[in-house]
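Using the hints, put the two chains back together into the complex; each one sits in its own frame.
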Amino acid sequence: MKVAFTIAKRFLTYSKGQTLAIMLGIAIGVSVQIFIGLLITGLQTGLIDKTVGNSAHIIVTQVDDEAFSVTQSGFKPVDDFTSISYAVDGALVVRVGDTSASALLRSADEGALAIYDYEEKLTAGRLPQTDDEVILGNLLAEELGVDVGDTVTLQTFTNETREVTVTGVFDLSVAAINERWMVGTPSGAQSLFGLGNNVTSIEIQVKDVFAADALALTLKDELRSGYSVVDWKSQNESLLSGLNGQSISSLMIQIFVLISVVLGIASVLAITVLQKSKQIGILKAMGINDTKASLIFLFQGLILGIFGALLGVALGVGLLVSFTTFARNPDGTALIPITFDVPFILFSAGVALVSAMVASLIPANRTRKLSPIEVIRNG
Amino acid sequence: MANIIELKNINKIYGTVVKTQVLHDVSLNIETGSFNAIIGQSGSGKSTLLNILGTLDQPTSGEILINGIPTSKMKVPQLAALRNETLGFIFQFHYLLPEFTALENVLMPVRIKGEKVTPEVLKKAHDLMDLVGLSKVKNNLATQMSGGQQQRTAIARSLMNDPKIILADEPTGNLDSDTTEQVYELMRKINKTFNTTFLIITHDRKVAEKTDRIIEIKDGRIVLDVVKN
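Here the protein sequences come in this chain order: A and B.
Under the working numbering, the first residue of the first sequence carries the number 1, and numbering increases by one thereafter.
Under the working numbering, the first residue of the second sequence carries the number 1, and numbering increases by one thereafter.
Next up, chain B with everything else stripped away, as it sits in the complex (with noise of 0.2 Å):
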């Protein structure tokens, strides 16, 4: 299968006074419709990995291209709209936009993309709502719902644009056992619905161990790569 995302020797330093070297010469390829969990110790690298993976960072060397483009040649517009219409991002603490309802927060990626929000792109956005079970708190505003219920609605807003690519940096960090159940039964179902890549990153090996590759990441270096059948 084709590689929507490959990492070529990427290297990433901190400071410039004191340098700290987070990551060595990774290089990773992430094939088309996989779901992997990145896995580590806190401090490992792998957040930086993925915020370099997602355009947020830029490493210090190295190349990315995502779909056989090289990032480094993207203006910031350019990247802008990557980051909306290709990849979807889900973070450990939701980010929702406390000022929006859930809803609102979902719709959010079609508004920024400068689309019009058609009865259609609403009825999809309710059919995400309903996907990630958030059917009656819709229109609560991000504060008014509980932790999972954010994450959730984290989840529905990073599909809004039908990315290619989802990025998840420790979804359920801080979600119950159930929740978190919940959570990565939704990734997957989304992952096998719409054939999206997802990029993991999890403390919890349970849920590592349901992805089809594990890439543990110590030290800024890839020290296992195990990809299942």
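Chain A on its own, in the form it takes in the complex (with noise of 0.2 Å):
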């Protein structure tokens, strides 16, 4: 073992250039394995977070969109489940003066603060605290004229009102949201449209976002009948199979840069084979035997293998570095936000190591096979 290992060695140490040539080989391969699957991955994160990130994975309603008691629909948080918000929503109108809007009154609990982030998302002012404050969109402010500190008349359709303080604005980034909603206490919603305790809608938020139509399904069965429960993955199917897409097409161009990777070692082995076999002839004369003299091109595989793959461990991040630093929003901001995936890193690595492995084993082979006389007869 060990003087197979000092001969691969020494056979690396001797010819550096080619050594260097087959790592870098290797190192690219794992560089543009790690770039492009991290890319793909933090693109899709990417899409994926702007999609639901600031929004309900599955919302529970009545059928007949009824409010309804938490206790009594059976619903129980379970443990998958990051945020809860137990919203009360409705329609109603705002008065400023003679300008009028319709708007949807949202209610800002602990979860629903969670899931929309309204506090990160405010432009100006505070989150309401009493239930007679509540911040608007940012463009249906615009459209009322109204700013912090303002008061508004709301309308409901039972002929409810309620004259409110605007605390703050929001840009929640939708302008379809923007414009329509407006958001207060819990309490405040539900003395408004007359629900004594009871809520319109659940709203959560699920730890594994591609959960999220499983843990729908499981919820369902949990609660009383009459309740309808919709994942956001049912509800994006298009995004969804073009981001399948997008990862059978990463995962086809890593498995190409895998094989050329493999093709390119075990060439550049079978090369070293040719060249050494004059040395492995006189081993083999010397006495060494055909798995001592295999495992030199193992180990040869392996050494390369290692090398090349940390290289490209060092590659491929510095590439995503630098894209991360250079590639940029307007605003700062990432362009495509990469997070630093090490089991992927690591698995990349792994790979390009098992692969450096497989293609020695040709060489190797070779070697157990090749006769010590055919090299002292041909000079």
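Any given hint could turn out to be false.
With a cut-off of at most 20 Å between alpha-carbon atoms, the simulated EDC-like pairs for lysine to aspartate or glutamate come out as follows [to be verified]:
id	chain 1	residue 1	chain 2	residue 2
1	B	Lys-206	B	Glu-181
2	B	Lys-73	B	Glu-99
3	A	Lys-2	B	Glu-99
4	A	Lys-50	A	Asp-290
5	B	Lys-218	B	Asp-25
6	A	Lys-220	A	Asp-208
7	A	Lys-121	A	Asp-147
8	A	Lys-278	B	Glu-170
9	B	Lys-75	A	Asp-290
10	A	Lys-50	A	Asp-147
11	B	Lys-19	B	Glu-31
12	A	Lys-369	A	Asp-290
13	A	Lys-278	B	Glu-31
14	A	Lys-121	A	Glu-179
15	B	Lys-116	B	Glu-181
16	B	Lys-8	B	Glu-31
17	A	Lys-233	A	Asp-221
18	A	Lys-2	B	Glu-115
19	B	Lys-113	B	Asp-162
20	B	Lys-192	B	Asp-162
21	B	Lys-228	B	Glu-31
22	A	Lys-9	B	Glu-99
23	B	Lys-228	B	Glu-216
24	A	Lys-2	B	Glu-85
25	B	Lys-8	B	Glu-63
26	A	Lys-16	B	Glu-99
27	B	Lys-228	B	Glu-185
28	B	Lys-75	B	Glu-99
29	B	Lys-19	A	Glu-374
30	B	Lys-164	B	Asp-25
31	B	Lys-113	A	Asp-49
32	A	Lys-121	A	Asp-49
33	A	Lys-76	A	Glu-179
34	B	Lys-8	B	Glu-181
35	A	Lys-9	B	Glu-181
36	B	Lys-73	A	Asp-331
Simulated from the structure, these hints should not be mistaken for lab results.
No experiment lies behind these values; they were computed from the predicted model shown.
Okay, structure coming up:
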């Protein structure tokens, strides 16, 4: 074992240029794999985050859209839910002097604050604290011509009215929301709409967004009849199939890169066997056994794989760092948010290592078969 | 004296379509501790004979006994071990590993045997290097030595595992006459000191005449076998 390793090491250090070239070949393969893999994942995560990051993944309502009691619905939170909002929504008309606009009053409990991140999205003012306070979407505020501190009148379709103070303006980056939503306290909304302790929907965010459909199914089974459970996946099928196509093409690129790396290593190592056939012959004449002789090339594959993979990880991570540093939106945020997925990086490095080992099997086998007499006879 | 090598009716035929018989029914006994020369023109089959003796090549028919054990019954790893421990090779083109220094080349048979390079082993390697007169170039790469130095390194290497037999194929073939003389004296010294059996193929009549026994091969047959007193 040791002699094979020593010889493998020496063969590699003796022809430094060639060794570096192979390592670079492996490294480029690994770095392309890491770069493409993480870029696509980042792109997809970004897309998914933009799509579902600030919205409910699962929404529970009554089939007839009536308000309902959470306790009577049979709803029970589970660990997979990260945020739960017991929401009270209602359409109403907002008046300020002669101006009026239709709006949707939504309640902001702890869960809603977590899902919609209102605090972060406030462009002015603060969150509502009492039942007489609301915050408005920036387009709605513009339409009504109100600002923080102004008073507006809310009028429901059952002709309930209430005067409330605007304590803040938010921007959720979706025009349809910004021009229609206003947000108040849950108790304020409940009393205005006369719902008592009932809610109009339960909005849920889950840990694994891709498990939302399965969780929705389980949830539906647990609820009493008459409730509808909708998950984001069933409402975004075209996006999901697009992402799926992208994943497959990314996987294809990675597989072909891998194949070319394996072929590259195998052919270079095969040439090395020819270059070193004289040495192998001498070693065999000196009594090295076939197993140890073939181990020389397996060790070469291992060493090349390890250093190639390390170099590849460095290159790939370097590429990603420079990409995230230089490819930026006008507002300074990263164009594509990339997470340095350590398990994926390790996996890529591992795959390269295994490929290098597999590629070295061919030359190792040729070495096993090489007869010393061929070398001695041919000088 | 006992025979360390016995060849019985060795035939060697190359090729399957066009058959060329290189060795015809060669039988030969080599005594332990003897110093033998094999001479003959190129193509006479002497190298083939040596390669068969060294288990590098297999005869088409016939039997080889080394230390009384038939090599045909040995498996591949056993043959490798035999080459490593019992046989030492010195080739015309010295065949050092160019990636290693002279000293590392000399130590290689020990490493192949799977033994550790202990201070004793290292001392032995140094002693052998001194014996072949290479104290000054020990740490040179094989490629940074002259032909004579490389050949002497190969001799030191062949001695490292204390082989009982040394097979040398024209060890002085491409050396000048002074170096040839040195190499010959060296082999003689080893033969006397360690009682190592030598089988030397040579073109050089002067070298052959200094050995104990001259075996001449012509067209694959032994035509002359002279033992000196």
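### Message
Between the alpha carbons of Lys-113 of chain B and Asp-49 of chain A, is the straight-line distance 20 Å or under?
### Response
62 Å, violated
#### Entry: Hinted pair Lys-2 of chain A and Glu-99 of chain B, Cα distance within 20 Å
17 Å, holds
### Query
When you check the alpha-carbon spacing of Lys-75 of chain B and Asp-290 of chain A, does it fall within 20 Å?
12 Å, holds
### Query
CA of Lys-73 of chain B to CA of Asp-331 of chain A, is that 20 Å or under?
With Cα atoms ~81 Å apart, Lys-73 of chain B and Asp-331 of chain A exceed 20 Å; violated.
### Message
Check whether the Cα positions of Lys-278 of chain A and Glu-31 of chain B lie no farther apart than 20 Å.
### Response
Violated, because 32 Å separates the two Cα atoms, which is more than 20 Å.
### Task
Starting from Lys-121 of chain A, check that the Cα of Asp-49 of chain A is at most 20 Å away, please.
16 Å, holds
### Query
Hey, Lys-2 of chain A versus Glu-115 of chain B, does the alpha-carbon distance stay inside 20 Å?
10 Å, holds
### Query
Taking 20 Å as the top limit, are the C-alpha atoms of Lys-164 of chain B and Asp-25 of chain B close enough?
26 Å, violated
### Query
Is Lys-233 of chain A close enough to Asp-221 of chain A, meaning Cα to Cα at most 20 Å?
18 Å, holds
### Message
Check whether the Cα positions of Lys-369 of chain A and Asp-290 of chain A lie no farther apart than 20 Å.
### Response
8 Å, holds
### Message
For a C-alpha distance cap of 20 Å, please report whether Lys-278 of chain A and Glu-170 of chain B respect it.
### Response
18 Å, holds
### Task
For the pair supplied as a hint, Lys-19 of chain B and Glu-374 of chain A, confirm whether the alpha-carbon distance does not exceed 20 Å.
Judged against 20 Å, a Cα distance of about 18 Å means the pair holds.
Consistency with the previously given hints fails for numbers 2, 4, 10, 11, 13, 15, 28, 30, 31, 33, 34, 35, 36, ordered from lowest to highest.
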